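At position 327 of the sequence shown (counting the first as 1) the number is 327 in our numbering, and the numbers step up by one without a gap.
Take these hints with a grain of salt, some might be off.
[Claimed, not checked] Straight-line C-alpha distance at most 30 Å; calculated DSS-like pairs for lysine-lysine:
1. K43 to K304
2. K304 to K232
3. K232 to K377
4. K304 to K377
Just so you know, the hints here were simulated from the structure itself, not pulled from any lab data. These figures come from a predicted structure and were not determined experimentally.
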Amino acid sequence: MLINDMQRTACTRASAAGLPFALWRDPFGRAFTALISTTQPEKEPVFGEQTAPAFVMAPFDTEDGSQAWTLPADVVISEDGPLYRDGIALVDHPVSTAQGQITDPTSTPPSALKTPDGESPDPTDRDSYMGRVARAVASIRAGDCDKIVLSRIDPRALPDDRDLLDLAEGLAELHPHAFVCLVSSEATGTWLTATPEILLANDENGIRTMALAGTQWPEPDTDIASLTWPRKIIDEQALVADYIREAFAAEGFDDVEETAPYTVRAANLCHLRSDFSAPGGSEEALCRLLGRLHPTSAVCGMPKAAARAFIMEEEGPTRRFYTGYLGPRGLNGGTQLYVNLRSASISGNQIFLHVGGGIVEASDPATEWQETVEKAKTISAVL
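Given these sequences and hints, build the entire structure.
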C-alpha cells in the first residue's frame with residue numbers, strides 16, 4: 001500500500017472541511033507524502049530567505065513565473081509519521097488546534113474523499129485540434145515562430161466507485177518513473193498528475209533541470225536504445241536545450257554541465273532528453289532563473305512571447321494549471337518543481353485530460369492528434 005491509513009484519513013478530512021491538500025510520490029519512490037494546509041493558499045515567490053515548507057503550484061499563463069500558489073505544510077505525513085509546521089520549522093507535535101484535528105486518532109473520518117466542483121472546460125474534438133495544428137504550421141512557415149506547443153482537452157466520466165486516492169495510487173503503481181501527485185485547493189482546483197519532467201530542482205547537490213521533447217509510442221517490449229529520431233524531433237529538442245542554456249547564462253550560473261540527448265521511456269511513450277546541472281545559487285538568482293524558465297519552450301514554443309500569444313488566441317485560458325509547474329518546496333532538504341504534464345483536472349463526476357504536443361514546420365496534423373491520444377493513456381489507464 002503506497003498511501004497509508006493516516007494519509008488517507010488526513011486527506012479525506014481536509015477535503016470534507018474544504019482545506020487544501022497535496023499528496024505525492026517522488027519518481028521511483030516507495031511511498032507517498034501527504035501535506036495538509038489549515039488555511040487557503042496565497043500567491044508568493046517560490047524561493048526566498050525565510051520561506052516555509054509548502055507545496056507550490058503555478059499556472060501556465062502568469063505574469064511572474066517565479067511566483068506560485070503556496071499550500072503551507074501545516075501537517076506533513078510521510079511513511080515515518082506526521083510533522084507539524086511551527087513558523088518555518090517542522091516539529092513532531094501539533095502547535096495549533098487545527099493541526100491536531102487533522103491527525104486526531106479519536107475522531108471518525110469521512111467515509112470517502114469528496115470530489116469538489118470546479119471549472120468544466122470545453123472538449124476539443126479531432127477536427128478542431130487538427131485545424132489548430134494546421135494554423136500553427138502556417139504561422140511557423142510565415143516566420144512568426146519556430147515552434148508552438150498546442151494542447152487540447154479530453155473529458156471523461158469518473159467511475160462512481162473510484163476514489164481519487166485510489167486513482168493516485170494506481171498511477172504511482174503504473175508509472176514508477178513519474179512524479180505522481182493529487183492536489184486540491186480553492187485557488188487551484190483539483191489535479192491528478194503523473195509527470196516525467198523536472199522544471200527546476202534545488203538541494204545540497206546544486207540545481208537541476210532537463211530539456212524534454214519529442215514523442216514516440218513504440219511497442220511495450222521495444223528496446224529504446226534501438227529507437228531513432230527524425231530531424232523534426234531532434235530540432236525540436238534542440239530548441240528546448242538552447243533556451244535552457246541561455247537562461248542559465250543570462251542569470252549568471254557558471255559551470256553548467258549538460259548531457260548529450262538520449263532516449264527515455266515514460267509510461268507508454270518515449271522522449272528525447274538532455275539533463276542540465278549547476279552549482280547552487282542565491283535565493284534571488286534561483287527566483288530569477290525560475291521566472292525565466294517558466295514556461296519553457298517545451299510547453300510554450302519559441303520565440304516564447306510570439307508562441308504564447310498564438311496559444312492564448314487559439315486556446316484561451318483553458319490550460320489553467322496544465323503546463324504550469326508544481327511540487328514540494330523546502331521539504332526533505334530541497335525543492336523539486338515539476339512541469340504539470342500528463343495531468344487532468346477534476347470537477348464533480350468528470351475528469352478532464354489535458355494533452356498536447358510541440359508543433360514545428362514539418363508537423364502533420366493527423367500525427368499530432370494521434371500523439372495526444374497516446375499521451376491521454378497515461379491518466380486514462382487508471383480510469
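Numbers of the earlier hints that this structure fails to satisfy, in rising order: none
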